[in-house]
Each structure stands twice: as C-alpha cells, then as structure tokens.
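Colleague: These are the residues of each chain, in order.
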Amino acid sequence: MLGEGILQGLAETAKNFAGSFVSKERLTTVQYPEERIAPIENTRDFPILIYDGNDPLAGLRCVACQICEKECPPKCIYIVKSTDKKPDFVGKMQIYPTRFDIDISVCMSCQICVEVCPFEAIKMDTEFELSTTDRFGGLMHNREQLSKSNEHYHKIHPTEAAEVDARLAEEKHKAEVKAKAAAEAAAAKAAAAATAAPTPAAIPAPKPIPESAPAKEPGA
Amino acid sequence: MSLANQLDQIFVFLQHWIEGFFPQWLQPGVGALIAVIGIVATFPAIFAVTTVLERKGLGRIQNRLGPNRVGPLGILQPVADGIKSLTKEDIVPRSADGVVHFLAPVVLVVAIFLGYAVLPVGRNMVLMNMDAGLLFFFAIGASTELSIFMAGWSSRNKYSLLGALRAVAQMISYEVPLLLSSVVAVMMTGSLSTVKIVEAQGGFTGIFPHWYVFTPWGFAGFILFVIAALAETNRSPFDLPEGESELVAGYFTEYSGFKFALFFLGEYLGMLSIAGFAITLFLGGWGAPFSFLGFMPSWAWFFLKLFAAIFFFIWLRGTLPRLRQDQLMNFAWKFMLPMTLLNLLVAGAWRFLGDGWSRWVICSLVLLFAYVLLGRVLMRHQHLGPRSYRYAE
Chain Z
153 MLGEGILQGL
163 AETAKNFAGS
173 FVSKERLTTV
183 QYPEERIAPI
193 ENTRDFPILI
203 YDGNDPLAGL
213 RCVACQICEK
223 ECPPKCIYIV
233 KSTDKKPDFV
243 GKMQIYPTRF
253 DIDISVCMSC
263 QICVEVCPFE
273 AIKMDTEFEL
283 STTDRFGGLM
293 HNREQLSKSN
303 EHYHKIHPTE
313 AAEVDARLAE
323 EKHKAEVKAK
333 AAAEAAAAKA
343 AAAATAAPTP
353 AAIPAPKPIP
363 ESAPAKEPGA
Chain G
117 MSLANQLDQI
127 FVFLQHWIEG
137 FFPQWLQPGV
147 GALIAVIGIV
157 ATFPAIFAVT
167 TVLERKGLGR
177 IQNRLGPNRV
187 GPLGILQPVA
197 DGIKSLTKED
207 IVPRSADGVV
217 HFLAPVVLVV
227 AIFLGYAVLP
237 VGRNMVLMNM
247 DAGLLFFFAI
257 GASTELSIFM
267 AGWSSRNKYS
277 LLGALRAVAQ
287 MISYEVPLLL
297 SSVVAVMMTG
307 SLSTVKIVEA
317 QGGFTGIFPH
327 WYVFTPWGFA
337 GFILFVIAAL
347 AETNRSPFDL
357 PEGESELVAG
367 YFTEYSGFKF
377 ALFFLGEYLG
387 MLSIAGFAIT
397 LFLGGWGAPF
407 SFLGFMPSWA
417 WFFLKLFAAI
427 FFFIWLRGTL
437 PRLRQDQLMN
447 FAWKFMLPMT
457 LLNLLVAGAW
467 RFLGDGWSRW
477 VICSLVLLFA
487 YVLLGRVLMR
497 HQHLGPRSYR
507 YAE
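These protein sequence lines are chains Z and G, in that order.
Count along the first sequence starting at 1, add 152, and that's the number in our numbering.
Count along the second sequence starting at 1, add 116, and that's the number in our numbering.
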C-alpha cells in the first residue's frame, strides 16, 4: 500500500535514534582530543629519516644518494651532499646529507621515497598532529626534525622494522664474511708474494689490485 | 481568579500592565508593539533551539553524537553559529543585482513574520483577531515565493536560478493542496478566523477533545496539510530547491554571512508558522489534549504541540530521501489534488449525514477506498526493487 515504506523507514530511524542512547556499540564516535584510538600498524603520513645508535646525525643511515629526491613525484625533498665521508653501518666510508629538507605541505604521502631507498634510511611516520601557525617554515622539516631513532621505528611499525633489521643484519654479516675472505685472500697473496720475493720482480706489481678491488663492491 | 487561570493569562496581564504606563491614545499601539516584540523574540529563540535539536536529533538517527562542544551538551551551539554568521564576510557577486540581492532575505523574513500576526499561541494571545485570518496567512505565505525568486534571479548564478525556479514551481504546485486541505476546517467552523477555529475545537466528549484530526475528514486533511506544508517550506523530502548534491545550495548559493543566516531563519520560521497553523487547524490549537489536563496554561500546550511537530519534521528529515522533480509534480497533481478535493466532498457529506455512527463509517470508507485506489493506480507502473542498468555492467 502507498506509504507503507515510509512507515517502515520511520520505524527504522526511530530504532536508531533510541538505540544510540542505549547501546554503546551503535555510537562509534571517538571524541578525538580527549579520546584516541591506536593507529593501525600500516598507518603512514610523512617520511622520516632513521638513525642507529644514540646520535641522530652520526648514526643517520642516509648516504645522500638522492634517489628519493629524484623519484619524489611532487618534488618535496631537497638534499645537499657532504664533501667528506663518514662510516656507515657496515663500516664503509660514505657521503652523508648536510641538508635534508622535506616540505610536508607538498608531500603527498605516497611512500615512493621509502620504496626506492636502498639503505632503509627513509621510512613513513605515524605522527599526524603537525599543524602549525607558521605555514612556510613550520611545515618545512629539516634534517634534525626528520631524524628518528630505530627504536621509534620499531615502536610505530614493529613488523616492518623487524624485517628491515633482519635484512640489514644479513647484509652486514655478508659484508663481514666477504671482508674476511678478502682479508684472507690478501694475506695469502701477501704470503705468496713474500715467498716469491726473491725472484726478480719486474712488472707483476699491479696484479693484486684488480683481485682485491671486487671485494669492496658487495658492501654497498 | 484561580492560579491556573492567572498563569494562563500571565502574558496578557503583562501586556495590559505595560500598556497602563502610557496615555489612553497610545495604548493600542503600545499593546501591538509589545505583542510584536513577543513574537519577534519567541520564535527566533525557538528557531535557535530547533537548529541544535535538529542537528543532535539527526546525529542520533545516524548513530552520531551531534554537536556537543559549545556549552553543556552543545546547547550553546546556536550562539556560536550566530557569532560566526555575523563575523563572516558578506560577499555579493560582482554581476549580481545589488539592491534585489539585499532585499530578498529581508522580504522573506518580513513576509514570514507577518504570518505570525494571525497565529493564536494561547487563549486571548493573538496579535490580530482577523475575520479572514487564514486567508491573510495564505496570502502572506504566497509572497515568500517572490523573495525566493528575487534571491535566485538577482544572484546571477545558474544554480541560484535553477533552485529558485524549482522552488517556485514546487511552492505554487503545493499551495493548491495546502489551501484545499485547510478548507475543510473552515467549512466545519464556518469562519476563516483562526481564533474561532480553535474555539470550535474546544469541547470534550468524555476526556477526549473535539479536535478536527479525530474525524475522518480531519485526519485526511491533517495528513494532506502536513505533506503540503513540508513541500511549501522546502523541507526534506521536498528539499529539491536547495538540493545540495545538485545545486550547491539552490537559491541562496550566492549568499554568505548574515544574509545567509536570514534565509536560514526565514526557512525555519516558515516551518514553525506552518506547523503552528497545522496545530491551529487540526490539533485544537492551544487546547489541552485531555479534559483533565486543562489546568496547564494554554500557551504551554501550544508550544508543546509545536515542539512535537518540530520533532516529527526532524524525524521525517532523517528518514526520507529527496524526491525527483517528476515524482514531486506527479505527487502534487495526481495524488494530493484529487485527495483534497475528495476530502472537501467528504467533509460536506459529514455535515449532512446527521449525528449517527453511519457518517463515521461512510466517510472513513470513502477516504480509505480512494487512498488505496489512488495508490494502486499511481504505483501501477512502478517497479520497485534493485535497479537494473541497461548499458552498464
């Protein structure tokens, strides 16, 4: 009959109206500043730089390779390379960023910088309360503001951070094994060279160099 | 005079007391002024309460909390809204017709306030007891269409114009059933005076009142009146003129700041006044719903009924989706108009069938039969259910 659906609809909305006063399950509102719900593990908003150890600048994983800067679709990353080098996590000497700026007013949280980073140096943060009264300087995050410890990374993305740590440890282990092998090879060479020393050595001197050079490469 | 009676007439006494301070020749003018101030203060206050009740009520219907930040439980929200609309920039489009653009909200609010002049809100509490009060109300109510069209035309915006044209088409279409559905009350009372209509519904049978809504023709008339009133005030589900998904905001798209607030005020005041007239015509005006509740002041009953009507309007808004333009027009001309015309006939038959129980049966059956038949005919080619798409999928 005409109007039947309207009555059914009225009954339904009345049920919702009354139910919202009675049952807590219906009323799903979280009253934000006072109440918070924990973010889900895959939450992401803006990139941060991860460092190992205690010193944010000394332990920075970033080697200023500028891949993220080139890949960033909205071009919100600005990097200046250093002229000197410092040792990275495997102990290899690397360039580091003297300047690393991310304009989070431009960043679109696409995570492409994280995908392309070969050094696990840039990751996504979950911090979202970034509003500021200064809309230019306040939204331009520099190297010091972006540096977050590996412990922080473990706190916000535990699973992902564990994977990254395992991968890095494996790489370090491999590098150590390689370095050891290289060192042993070098020692053997040196011993061989020492035994062969009495022979007249005219020009075989450059020979050891191409052999020891590949040992350096896998560390990268 | 008993305490209940004194409480009933407290506002009338207050008016006479203030009048007493003025010389004789000034007294009628001062009395009218006091009544005007009373209306202009009371109904916008109810409007303010309505906005927050509506937002909270709709929130609860959608399992939300609604506004709860300004003041305890959010009841001071209208104050914040008012301050916001006052401090906002008043933008007038460069190519708009400035004068008309400014006048439109003013004309709307003035026309709607004029309608309150003949609305009896309590015993002896009516600004003007006009012999043709109902006619006056409908004549004034029709002029709101003018202001809506002024707003839509002067804004020089396609959305405004479309909204205004929709509003005018809708209001003119629904004015016919609105008028015809209220005519039954006039036929039974024998007067167009709103005060007389309320007084005619004042008696009691046992404990039950003689409200017109408790008769077959009154019940049908009341429902038809409420539907037409919803359409007349552009309330959901008849809110096509301001359908925000299609027309931004309809005829007040180009209004901002306090002019927008005036449109908002006008719309809600229109809803309150038309709800007040529905109460006056069919729900016994300021009369008590049971004979033993007569000790409560008459104005309290009126405002209680008004809030009940507001609650119902909010409930409907939270329930029904918006109609389509063709559905709207079909409903007006194919359902509302025949039903109101038939209702006139039934009311006439009721008058001449005498006092027995037979008139109850005959009138109810005629109306019910017509309703079912009309519903069947109108729904004949309607295929309700999941929508099928010819080209998609």
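Among the hints, a few may not be true.
[Stated by the list, open to error] Derived pair list, reagent style DSBU-like, types lysine-lysine, alpha-carbon separation capped at 30 Å: (1) Lys172(G) x Lys167(Z); (2) Lys237(Z) x Lys227(Z); (3) Lys244(Z) x Lys167(Z); (4) Lys176(Z) x Lys204(G); (5) Lys222(Z) x Lys233(Z); (6) Lys332(Z) x Lys244(Z).
[As the list claims (entries may be wrong)] Residues from chain Z that face chain G, not an exhaustive set, calculated with beta carbons under 10 Å: (7) Met153; (8) Gly155; (9) Gly157; (10) Gly161; (11) Glu164; (12) Thr165; (13) Gly171; (14) Ser172; (15) Phe173; (16) Thr181; (17) Ile189; (18) Ile256.
If you're looking for bench data, these hints aren't it; they were derived computationally from the structure.
Glycine included, C-beta positions come from ideal geometry on N, C-alpha and C.
Colleague: Confirm or reject each hint.
Modeller: Here is what the structure says about each hint:
1. Lys172(G) x Lys167(Z): holds (15 Å)
2. Lys237(Z) x Lys227(Z): Holds, at roughly 26 Å.
3. Lys244(Z) x Lys167(Z): violated (68 Å)
4. Lys176(Z) x Lys204(G): violated (38 Å)
5. Lys222(Z) x Lys233(Z): At roughly 14 Å apart (the allowed maximum being 30 Å), Lys233(Z) and Lys222(Z) satisfy the hint.
6. Lys332(Z) x Lys244(Z): Answer holds: Lys332(Z) to Lys244(Z) is near 14 Å, not above 30 Å.
7. Met153: holds (6 Å)
8. Gly155: Holds, about 7 Å.
9. Gly157: holds (8 Å)
10. Gly161: holds (4 Å)
11. Glu164: With Cβ-Cβ at 7 Å, under 10 Å, it holds.
12. Thr165: holds (4 Å)
13. Gly171: Status holds, d = 8 Å.
14. Ser172: holds (5 Å)
15. Phe173: The hint holds - Phe173(Z) has a Cβ within 10 Å of chain G, the shortest such distance being about 7 Å.
16. Thr181: holds (5 Å)
17. Ile189: Constraint on Ile189(Z) not satisfied, violated at 16 Å.
18. Ile256: Cβ of Ile256(Z) sits 28 Å from chain G, so the hint is violated.
Hint violations for this structure: numbers 3, 4, 17 and 18, all remaining hints satisfied.
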